[in-house]
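Take the sequences, apply the hints, and build the full model.
Quick mapping for you: the protein sequence lines, in order, are chains A and B. Going by this note's numbering, the residue at position 62 of the first sequence is 62; the numbering climbs one at a time, nothing skipped. Going by this note's numbering, the residue at position 216 of the second sequence is 216; the numbering climbs one at a time, nothing skipped.
The hints are simulated quantities; they were obtained by calculation from the structure and are not laboratory data. Just so it is clear, the structure is predicted and the values come from calculations on it, not from any experiment. Check the hints yourself; a few may be wrong.
PhoX-like cross-link-like pairs, simulated, lysine-lysine; straight-line CA separation at most 25 Å [stated by the list, open to error]:
1. B:Lys98 - A:Lys83
2. A:Lys196 - B:Lys3
3. B:Lys165 - B:Lys46
4. A:Lys208 - B:Lys85
5. A:Lys96 - B:Lys85
6. A:Lys126 - B:Lys85
7. A:Lys83 - B:Lys246
8. A:Lys50 - A:Lys10
9. A:Lys96 - A:Lys10
10. A:Lys126 - B:Lys3
11. B:Lys41 - B:Lys246
12. B:Lys93 - B:Lys204
13. B:Lys272 - B:Lys46
14. B:Lys93 - A:Lys83
15. A:Lys53 - A:Lys29
16. A:Lys200 - A:Lys126
17. A:Lys83 - A:Lys10
18. B:Lys98 - B:Lys85
19. A:Lys151 - B:Lys239
20. A:Lys196 - B:Lys239
21. A:Lys10 - B:Lys98
22. A:Lys83 - B:Lys239
23. A:Lys200 - B:Lys3
24. A:Lys151 - A:Lys200
25. B:Lys93 - A:Lys10
Covered stretches of chain A, going by a simulated chain B footprint (3 or more residues, C-beta under 8 Å) [said to hold, decoys possible]:
26. 199-211
27. 238-250
All C-beta atoms in this analysis are idealised placements derived from N, C-alpha and C, irrespective of residue type, glycine included.
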Amino acid sequence: MSGNMNLTLKVWRQKNASDTGRIETYPAKNISPDMSFLEMLDVVNEDLIKEGKDPIAFDHDCREGICGMCSMYINGRAHGPNKGVTACQLHMRSFKNGDTIIIEPWRAAAFPVLRDLIVDRTALEKIQQAGGFVSVNTGSAPDANAIPVPKWNADEAFNAAACIGCGACVAACKNSSAMLFMSAKVSQYALLPQGKAEAKMRVTNMLKVHDEQGFGACTNTEACEAECPKGISVSNIARMNREYAAAMLAGE
Amino acid sequence: MSKFFEFLNSSVGRKWLMAFTGLFLCLFVLVHMSGNLQLFKNDGGKAFNQYAVFMTTFPLIKVVSYVNYLLILVHALNGFYLVNKNRQARPVKYAGAKSDASASWSSRNMGLLGTVLLVFIVIHMGHFWREFHFVPMEAKQYITKIGEIPTEGTPFDTVITIQAKDFKEPRHYTINQQDMSGRMATYEVVELKDLYGEVAEAFKSPLYVAFYVLAMIALSYHLAHGFQSAFQTFGIRSKTYAPIIKGLGNLLFAIIIPALFAAMPLYFLFIKH
Ligand code: SF4
Ligand code: FES
Numbered sequence: 001m002s003g004n005m006n007l008t009l010k011v012w013r014q015k016n017a018s019d020t021g022r023i024e025t026y027p028a029k030n031i032s033p034d035m036s037f038l039e040m041l042d043v044v045n046e047d048l049i050k051e052g053k054d055p056i057a058f059d060h061d062c063r064e065g066i067c068g069m070c071s072m073y074i075n076g077r078a079h080g081p082n083k084g085v086t087a088c089q090l091h092m093r094s095f096k097n098g099d100t101i102i103i104e105p106w107r108a109a110a111f112p113v114l115r116d117l118i119v120d121r122t123a124l125e126k127i128q129q130a131g132g133f134v135s136v137n138t139g140s141a142p143d144a145n146a147i148p149v150p151k152w153n154a155d156e157a158f159n160a161a162a163c164i165g166c167g168a169c170v171a172a173c174k175n176s177s178a179m180l181f182m183s184a185k186v187s188q189y190a191l192l193p194q195g196k197a198e199a200k201m202r203v204t205n206m207l208k209v210h211d212e213q214g215f216g217a218c219t220n221t222e223a224c225e226a227e228c229p230k231g232i233s234v235s236n237i238a239r240m241n242r243e244y245a246a247a248m249l250a251g252e
Numbered sequence: 001m002s003k004f005f006e007f008l009n010s011s012v013g014r015k016w017l018m019a020f021t022g023l024f025l026c027l028f029v030l031v032h033m034s035g036n037l038q039l040f041k042n043d044g045g046k047a048f049n050q051y052a053v054f055m056t057t058f059p060l061i062k063v064v065s066y067v068n069y070l071l072i073l074v075h076a077l078n079g080f081y082l083v084n085k086n087r088q089a090r091p092v093k094y095a096g097a098k099s100d101a102s103a104s105w106s107s108r109n110m111g112l113l114g115t116v117l118l119v120f121i122v123i124h125m126g127h128f129w130r131e132f133h134f135v136p137m138e139a140k141q142y143i144t145k146i147g148e149i150p151t152e153g154t155p156f157d158t159v160i161t162i163q164a165k166d167f168k169e170p171r172h173y174t175i176n177q178q179d180m181s182g183r184m185a186t187y188e189v190v191e192l193k194d195l196y197g198e199v200a201e202a203f204k205s206p207l208y209v210a211f212y213v214l215a216m217i218a219l220s221y222h223l224a225h226g227f228q229s230a231f232q233t234f235g236i237r238s239k240t241y242a243p244i245i246k247g248l249g250n251l252l253f254a255i256i257i258p259a260l261f262a263a264m265p266l267y268f269l270f271i272k273h
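If you want it as structure tokens, here you go:
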């Protein structure tokens, strides 16, 4: 087909967690600009399999930007060059014929590489499990307006809840800090009446686990917000900083 | 109390410590700059030398300046700790990182900029602060005729140099003596260590001036990120205030203050030599 591209991929290959790993170069031939980035990798993998080589291992599930699995660092940016999209939503029309594309896994002490581009993001789940929930059963959906929630709070909580736990914020942060992820989880509950009751406990427990998991400290570079596919705002981090200080320094 | 220390040791608490000490140092930089504006006065250094005595003897200011030295240390040590800790959080670097696409250069290089500033502070204090406190220095005697409108030819605003070995401590007194026309007049005499002269002398060296200007460029970038970042750390952020804090903070701390500071050595190198 006309308009198809030939590209060069430089991909991180690593057999398992203990392998040192290296960058290897592969051609990506006859790639349609309408393909998604993952479809392009599928094509390359088919070629690799035909040649009797190991296909490139990468995480993916929904391929529509909602599961947060497709973690990859493309040409020096989390999820590639476009704003507000995951790697699975990135289309090959964002690249030009003849381009060289560097593909690396997320890099963080808290995200060990399991194989090629696949990293273990359990550390984010540990943070979530430390407090990212409401303990009591809040029953079935209540009648509308039974619990008054200001529109602004509802919107902010909803925006924070859009986080898909992809880890791009950690990957893009020079400190490998998971503050944006954590602050989204803290905010989505702290803003709503059902979550308020446990707000103090939640933020202290979650931060403790965040630090224990080996994530870095936030220095407000705001790279996370720029790279987050769901547009989570750093104002959530400001809220979390407030919540945490209030929980630790005020009262009891 | 243990909760307080747990807070201070957490990643968020250390940011608070960084922000708190940083904002205090911003305030210090503002005061230091405004005081030093007296270097631009054309009075043989009298105002500046008087100001230097005031800053080093007035008890409240003495206390604040020791707090200030302490906070510089805390800010620097906490900074080094965090830089190191954050490096450990990413043991393997990216091969093709395009960091400038998502975050400003200054925000990504606070450790480097801070180190430049720390080196600057050590050299700066090792020079002017140490010499002013511990090394005998030439002094100046400023004589001003008072109590009468000066007539032509009278010694009005005379400056006499006192050798370092002859100077003990700052003095302020009046004398009565004949003026040039033979009439009795009252003169105010002020004797002060000539830090101004020291400054003027030091900034004759283009290399030294270049170093100062470079340090002020580092200050500009450091505060361009640092000042507004402190508010984010304290959780003071709203759609209305964030742009104001950023805008005013940048104007004052990243442009006006470093520019005026940098103007001082340049003034002595190019204009007042
Ligand atoms: S905050 Fe954004 S970048 Fe971070 S995990 Fe959530 S969706 Fe991904
Ligand atoms: S595969 Fe689900 S978000 Fe990309």
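Cross-check of the supplied hints:
1. B:Lys98 - A:Lys83: holds, 14 Å
2. A:Lys196 - B:Lys3: The given pair, whose Cα atoms are some 21 Å apart, holds under the 25 Å limit.
3. B:Lys165 - B:Lys46: Holds. B:Lys165 to B:Lys46 sits at ~20 Å (cutoff 25 Å).
4. A:Lys208 - B:Lys85: holds, 15 Å
5. A:Lys96 - B:Lys85: violated, 39 Å
6. A:Lys126 - B:Lys85: holds, 20 Å
7. A:Lys83 - B:Lys246: The hint holds at about 23 Å.
8. A:Lys50 - A:Lys10: Satisfied, since the Cα-Cα distance of roughly 19 Å is no more than 25 Å.
9. A:Lys96 - A:Lys10: holds, 16 Å
10. A:Lys126 - B:Lys3: With a Cα-Cα distance of about 22 Å, the restraint between A:Lys126 and B:Lys3 holds, given a limit of 25 Å.
11. B:Lys41 - B:Lys246: violated, 32 Å
12. B:Lys93 - B:Lys204: Status violated; Cα separation ~45 Å.
13. B:Lys272 - B:Lys46: It holds: about 15 Å lies between the C-alpha atoms, which stays within 25 Å.
14. B:Lys93 - A:Lys83: Given pair B:Lys93, A:Lys83 holds - Cα atoms ~22 Å apart, limit 25 Å.
15. A:Lys53 - A:Lys29: holds, 17 Å
16. A:Lys200 - A:Lys126: holds, 18 Å
17. A:Lys83 - A:Lys10: holds, 22 Å
18. B:Lys98 - B:Lys85: Measuring from Cα to Cα gives roughly 22 Å; hence the hint holds.
19. A:Lys151 - B:Lys239: At roughly 17 Å apart (the allowed maximum being 25 Å), B:Lys239 and A:Lys151 satisfy the hint.
20. A:Lys196 - B:Lys239: Within the cut-off at roughly 23 Å; holds.
21. A:Lys10 - B:Lys98: holds, 15 Å
22. A:Lys83 - B:Lys239: holds, 21 Å
23. A:Lys200 - B:Lys3: Holds, at about 13 Å.
24. A:Lys151 - A:Lys200: With Cα atoms ~23 Å apart, A:Lys151 and A:Lys200 stay inside 25 Å; holds.
25. B:Lys93 - A:Lys10: holds, 16 Å
26. 199-211: holds (count 4)
27. 238-250: holds (count 10)
Consistency with the previously given hints fails for numbers 5, 11, 12, ordered from lowest to highest.
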